[in-house]
Structures are given as C-alpha cells and as structure tokens.
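Student: Listed below are the residues making up each chain.
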Amino acid sequence: MNRKVATFVTLGCGLLAVCAASALMGPGLGPAASARALGKLFAGGVLPADEYAIIVVRMTRLAAALCVGVALATAGTSLQALLRNPLADPYILGIAAGGGFGAAVATALGLGGGLAAFSAVNVFAFAGALAAVMAGFVVARAAGILSVHALLLAGVMVGAFFTSLILLVLAVVPARDQHAVFLWLMGDLASPDITPVKVGFTAAVVVLCSGVLFLLARPLDIIALGEESAFHLGLSVEKFKLLVLGCAALATASVVALAGPIGFVGIVVPHALRRIIGPRHLPLLAAAAAGGAALVAVGDTLVRVTADYFNMPIVPVGVFTALVGAPYFLVILRKKGY
Amino acid sequence: MVKKGYRAFLVTAAVAAALAACGKPAPRRVTEETRSFRDDLGRDVDVPVAPRRIICTSPEMTEILFALGAGGRVVGVVRGCDWPPAARELPSVGDFSNVSLERVAALEPNLVIAAGHEQNRIVAQLERLGVPTVAFLAPDIASVRRNVKAVGAIVGEEAKAAELVAAFDEKISAITSEAEKVPLGDRPRVYLEICPEPLMTVAEGSFVRDAIVLAGGVNVGAGLPRPYSRIEAEVVIARDPEVIVLCHGGTTAADVAARTGWGQITAVREKKICELNPDLILRAGPRLAEGVAALYRIFYPERAEGEGIGES
Amino acid sequence: MAAPLVEALDVYFSWPTGPAVKGVSFAAAAGEMVAVVGPNGAGKSTLLRLLSGYLKPDRGEVRLAGRDIGRYGRRDVARLAAFVPQYSEVNLPYTVAELAMLARYARLGPFRPAGGRDRDVVAEALELTGVAYLADRPVSQLSGGEFQRTVLARALAQEPALIFLDEPTAHLDISHQVQIFSLLKRLNARRGLTVIAVLHDLNMAAAHFPRVVLLASGEVEADGVADEVLAEDKLSKVYGCIVKTRTVEGRRFVFPELQQ
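Protein chains in written order, with my numbering: chain A, 1 to 338; chain B, 1 to 312; chain C, 1 to 260.
Do not take every clue at face value.
As the list claims (entries may be wrong) - Per the computed footprint, the stretches of chain A lying under chain B, defined by three or more beta-carbons under 8 Å from a beta-carbon of chain B, are:
1) 45-59
2) 76-82
3) 133-147
4) 206-217
5) 240-246
What the hints assert, rightly or not - The calculated EDC-like cross-link candidates involving lysine to aspartate or glutamate, where the alpha carbons are at most 20 Å apart (straight line), are:
6) Lys4/A <-> Glu228/C
7) Lys244/C <-> Glu228/C
8) Lys56/C <-> Glu238/A
9) Lys234/C <-> Glu249/C
10) Lys271/B <-> Glu238/A
11) Lys185/C <-> Asp201/C
12) Lys56/C <-> Glu228/A
13) Lys149/B <-> Glu170/B
As the list claims (entries may be wrong) - From the derived model, a few chain A residues whose C-beta atoms are all more than 10 Å from chain B:
14) Ala17
15) His179
16) Pro313
17) Ile332
Bear in mind the hints are in silico, worked out from the structure with no lab data behind them.
Heads up, the beta-carbon is just placed ideally off N, CA and C, and yes, glycines get one too.
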C-alpha cells in the first residue's frame, strides 16, 4: 500500500515539475526571464508581445504533450486489459499506419484547406487512422461477436498494409515531401501549426474518451479475467468491447492526427506502472494518465533544451520515447520474462 | 504430332538466336585524349578533353553548362533540371536523390557531372563502371565562381566562363556596394524559410546565408548547428525578424501569420512576408545573382527603386 | 416437481465441427443438486453453458425462473447464477481477495463503491472455501488447487441462487475434493443453493449428488436417482466398455473392467 501511495505522490509531483520545466525552459527565453514573465502573467500584468508569444507557444506545446500522453497511456491500459495482452499498444490496431497513410496522401497531393481549425493533413490522418480501425473491426467481427484474437491479428495486417502504402507514396513523391512525411511518422510536437484551437479540440476528445474509460475501470478489471468469466460475472461483453475499443481508438486517432504517432508511451507507461500500482484499473488508469502525460512532456522539453544547449539538431519527441521505451522493455523482458 | 511441334520449336529458337545476334553492337571504346581533374571531393579523375556526351545530375550544374553554351553536349539530366527550358526536353536519368545507374549507362556518357555529398553513392558507382564522374560542392557563394570556371575548363569554354563570372561578380558587387552603405544597426533581421514542416532555415556554411548577408540582411538563423538546420518556433519569435522570406512554395503569408505566437513578430505585423522563387536562391548557379538582387529589393524596397535595381 | 429454477426445452446446439446437443430437455428446481455425467464429447460442458446463457441454442429455449434467459439483463442473470469453469487463467496479479471482490459487480454495477456488506460476503466466501488465509496473495502464486478454490469463492461471493460447475475438482487432491463437495452439500442443505455440476468422476457423482443426468452423444440417456442412472447396463452402453458397480459401506462404486 505504501509503495502505491508513494508512486502516486511521485507521479503527481513529477507531473507538476515537468509542467513547470516545460513552461520555463526553451531556447527563446531563459528560465529566469520565463519565471518573471509567468509571474507577471498570473498577477494579471501585461507582458511584452514577444515574451507573451513565447509563453503561448510553450503552453500550447505543453498542452499538446499532455493530451498525447493521457490519450496514449489510457488507451494502452484499456487495450491491454481488453486484449488480455500486456504488450498491447494503441497502435496495434493499425492506427499509426493508417494515420501515416492519410498524412502522406495529403502531403503528396499538396492539399490546402482542411476542416475548421484543422489542416488537410490533420483531417486525412484522422480519417486514415479510423479507417484502419474500421477495417480491422469489420474483419474481426462475425455474427455479432468481436473476436479479440482476430482483431489483434487483423490490426497487425492492416498496419502492415497501410505501411506499404506509405512506402509507395514515399517512393513517388519529391524529396521535400518525403522529408515532411518522414518527420510526421516520427511524431513531432514542434510544429507551429499546432495551434491552441487544435489542441483545445483534441483535449476535449481526449478528456471525453479517457473519462469514459475511467468510468469503466471495474468492468476492465473483469474483462481481464477472460470473456467467459466476465460474461458470467454479469458484464455485457460485446457492448463493453465496442465501447472500450471506440474510446481507445478515438482518443488515439485524435492525438495521432495532431502530432503524428508518438511511440512507446501507450505500451511502456501502463506496463511499468502495473508492476507498482497493481492490476486494478481505477488506480492504474489514473497513474497511467499522469505518467503518460509526464513522459511526453519530459521528452518534448528535453529535446528542446538539449538542442539549444548543446547546439545539436532538433530531434522529434517520438525518437526520445523510443530511446527510453525500447531499452526499458528489453531490460524488463530479460529480468522478468514479461 | 509431337515431332512436328519439336521442329517448329527448333526453327523458332534458331530465328530468335539470329535476331539476338543482330542486336545493338557493343559500344566502341574510342581512346579519347584525357587530362586529370581534381574535383571537390578530392578525387583525381581522368576527364576527356572535349566531352561530347555529358550527363548532369545536378540542377545548378545544368544551369551552368547551358549558360556556358555547352547545352548541346548534354545528353541526360535528372528530373528537376528545369532551367533553361531546353533542359526539360532532355532524357531523364532519375531524380536528384535517386539516380538510375542503368539509364546513365544506357546513354553512354563520356562525362558525368554530379553534386557532392548527396550523390556520393552514385559517384562511387559510376567510378566503378569506369565512367568519368566529377562532383562539385557549393558551400559558399564563391563556389559559384569556382565551379563555373572549372566546368568551363572541362568543356573548353574558358572564355565564356570568364565572361559569366565577370557578369556574376558585377551584378553582385552592384548590390553589395549599396548594401554596405547601410549601417549594421539598420540592416533588417531576416528569417529565410527553406522548409515549413519542419521549420528550417540557413546558417553559416550555406551559400544562401552568404546571399542574405551580401544583400544587406542579418540572418536570424546565425549560429545554428548546420548550414541547413531546423529552428525552434520560439527562437524565431525571440529573434524577431523584420523580414520573412519563404523559399518553398508550400505555405502562404497568411499561413505563416496564423502560426501560434507568430502574430506579433515584426515581419508579420508589418506584413513583410515575401515569397521568393526557390530556384533563384537555392541553386548555386549564375542565377544566384538574380536571387541576391531579389533579396536586396525585398530588404530595401525604397533604396532599390531609387537605384533602379530592377529585374535583370 | 416444484416450478423449475432452470430448464432447457428441447434444446439443440451445434459447433462448427458438428452437433453437440440434440434435443435435450432438462429441468432443475430450486434446491436440487444435479450431476451431469457422460463420456468425452457427450456435450456436457456445452449443455452447462447453454443453461448458464453463455451459448444461445440453435433451436429450443432455455428458461431461468420461468422466463426466457435471453430476456434477462446480464447482471440480472449474474445475480441469480454463478459459473465455475474448469480452466481459468488470470495473468494479472490480482490478490485472492481482489478477485473475489470482482464478483460483487453483479450487484454493485460499475460505479457503486464496495461497502461493508460486500466485504462481509467476500470474507465469508473465502472462509467457506478455505482460502481466507491466502487473501492477500497474488493469484499467480497459487497452486492449481488453491486457485480453483479461489474461483469457487468468487462464484459464492456473487450470492447466487444457482451455481454451475464444470469439473470443479479436476485439479484438487482427494481431501480438497471432499471438502468442496461437502461445502456444496452444506450450502445446498442450509441455504437452498441449487447446484448443477458436470463431473468426470462417476464415483463422486454417486457419493454426493442425489440426482444424476447421463448424457451421451448430445442426448439425455438417463435422468434420475443416482442408483438407477449409474447402472451397469446403461454405463457400459454409453462408455463402450464393460462397467461394473459395487456397493461398499453403503456407497455405490463404479469401475471399468480391466482389459487383458
């Protein structure tokens, strides 16, 4: 019990610390100056336009990072319960590849416009991500029953298919578009096209979907026992599967459309925290949301600060999460055999 | 029945063999006179004295060849070699980043002119095939002069090369002499964007940055780690450029103004966001002088009008 | 018979591989203890899952407390009936107490927090099945027998009126087997818990269950008092070998004749 409480406290403090660091650190305005600016802002004062703009840029980026972290971590936790596989990750349904294909097509066609505040790339990526999930869903559903096993396999196949389509697009477009698509695929929060309005919409979707998953914490505990046992304990299994899948897919698709597929958050955070918090989903989802948000925000701040401090090229945040996530997994596998 | 079929098969096979034998004759290996040339990668290449079949895999080198009047000797280019218009009619050997070895070989060139760094691999492959290949680099604006002279020597158009260089130098000095008159404190801070996604600009080591400085601008991207570098949005905001030059045709001025936090940048407030044809500024060729002139007109519109530095 | 608590009316069911249950009619009243026996592939487990509502019959009807089972909400059924499967795998480290507490879902739903009553019911269930001392142990660290008893505790924590068991003592040693059946008998006698169990072991069926249903090839071969159903002729026919019965110390024993 003590360990759990300690973990929650650490996560909470860690998240606050990361948010503070994110707001204070960056190449455009030093920490001291940023602290002064934030102080003035909260006291209701007026800031010089450029300082205000930089604070806005950082806050938008932080909000986007938090959205991504919360969405991926809660979706990952729920899918790990639903698919009864601690190695499941939100992209296992082919969402990253579907989104990537959408983004690649929009980039290749040079489409302008979009929908409301969102660019064509955002919209196409979202559509592609959902299309991939729908494809897997249609394949895995027979006679009104969704086979979780079939869904897993279908997701892998759909992902592979869309990946080859992405490669096809990359093969035919000019170098400049290739570069843009590659960057999108790595997952990046640095784009100035991530506007506060976009983040606001995305946050609304993420809060809604994660909220629903949170409310389903107890049924998630039950589905982890197996579908037959869950049925006999009183869970409406088919309806529940659809609801969880829908929320997880929607949350993931929306953050993928915003910032591209930032990897490893959805698989590492739930897996690591489950070892400490335990398998019950009410505390686990809360911890995962905080942990995911902190991880992405840390990564984004880190890449920003190291690029500036060491005069290195800017690295996308997806690379950071991969460099942290993959070795973590390998170490755990070696020590404990998952 | 079987015997008849067998006979037909033999006859067909014989005819096919005969036709194959009548195919393209093996390329004649003419012993040409060559001389040694050291290219920008430090390679000593035996270059034919009067190359008649040149393949050029770099758009800027293609412009140089045509400007020297050697366009008639170019038998193949890559997609993207679109200047002068005549170059577009030439057979394509692939893309800049993906040159097709087969197509190059099929055109039987006696010289290939390539861009260093990005095309190192194809240069090595061609070397193994025994095709004389020279690679050029363009780290600064002076390389335009060097490359024009070097190519002029290779194709035997030294006089034309000297002419081109003189004209280039004249155009540039006309501008720099005016730009130098502006005190350093009055020169505009310039953000030149070569890519919107991710945000990229130029820094020391790039001839584009040299062009900005020669045209009297102060490069906002100064100090970035690489000649062509990503830049953080908040750095652009902090350095507050007075002029924004878009060199990629991907975004409009309205898109730039809509970026988070960019609304209060001086250049955005004063609507000094201009688009510039990337081919004039991102190619280290004779047209770079026009690019520099265009930059000067963007930075100092009243001065340029007054001095009559119009389109050349 | 009193109004049946659960009944199957001429039920048919086929798996993709072939028919499993062919025209079975069966009824159990509240307070009965019924064993379902038969050879491998007779359709016992399938029948049990048809009765619990997990499988839907291709033809025929299953009724719970007089109403078609399909018309009940899932949680309503779970409040009435619990199911103890033969194989159960939990790869998450729930503790024994946490696992048993999940059974309260039928009564609490997704949102109501667990109260004193729920904790009492769970504690009692753990006591009855003899796993109370393991309450805080993660289930991944239990032996097969301990885990099976935990699953039974979970079923009892649902406070069901009717409990289905599929080979409940497959992994248990004889002392635990006796313990479980005695427990079921006690609950049946004192609380009127209706028990329907699929058993492999004919002697266990004979020892503990007053009523036995003999199933063969998806059809009911015999249904009635244990002594009558577990007769040499019927068993030999259904199992395809010579089966003998003896009565020792008042208990009926069934065993196959050894082949030379």
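Student: State for each hint whether it applies.
Tutor: So, going through the hints one by one against the coordinates:
Residues of the segment 45-59 of chain A lying with their CB closer than 8 Å to a CB of chain B number 8, which satisfies the three-residue condition for coverage. Evaluation of the coverage hint for the segment 76-82 of chain A: breached, as 0 residues show C-beta separations to chain B shorter than 8 Å, against a requirement of three. Here the segment 133-147 of chain A counts 0 residues with a CB under 8 Å from a CB of chain B, which misses the bar of 3, and the coverage is violated. Residues of the segment 206-217 of chain A with a Cβ under 8 Å from some Cβ of chain B number 0, which does not satisfy the need for three, so the listed coverage is violated.
Counting residues of the segment 240-246 of chain A whose C-beta sits closer than 8 Å to any C-beta of chain B gives 0, which falls short of three, so the coverage hint is violated. Of the supplied pair hints, the one linking Lys4/A and Glu228/C is violated, its CA atoms being roughly 59 Å apart against a limit of 20 Å. A distance of roughly 14 Å separates the Cα atoms of Lys244/C and Glu228/C; the hinted pair therefore holds under the 20 Å criterion. Under the criterion of a C-alpha separation no larger than 20 Å, the hint pairing Lys56/C with Glu238/A is consistent with the structure, at around 14 Å.
For a cut-off of 20 Å, the pair hint linking Lys234/C to Glu249/C is broken: about 23 Å separates their Cα positions. Restraint check: the Cα-Cα separation between Lys271/B and Glu238/A comes to about 57 Å, which exceeds 20 Å; the hinted pair is violated. A threshold of 20 Å between alpha carbons decides the hint, and for Lys185/C with Asp201/C the separation of about 17 Å falls inside it, so the pair holds. Between Lys56/C and Glu228/A, the direct Cα distance comes to roughly 13 Å. Compliance with the 20 Å bound is thereby established for this hinted pair.
Taken as a hint, the Lys149/B and Glu170/B pair is honoured in the structure, with Cα atoms around 16 Å apart against an allowance of 20 Å. Against the 10 Å criterion, Ala17/A stays outside the reach of chain B, whose nearest CB is about 21 Å from its own CB. Interface exclusion of His179/A from chain B breaks down, the closest Cβ pair being 7 Å apart, not more than 10 Å. Residue-level check failed: Pro313/A sits 6 Å from the nearest beta carbon of chain B, not beyond 10 Å.
Against the 10 Å criterion, Ile332/A stays outside the reach of chain B, whose nearest CB is about 33 Å from its own CB.
When held up to the earlier numbered hints, the structure conflicts with 2, 3, 4, 5, 6, 9, 10, 15 and 16 and fits the remainder.
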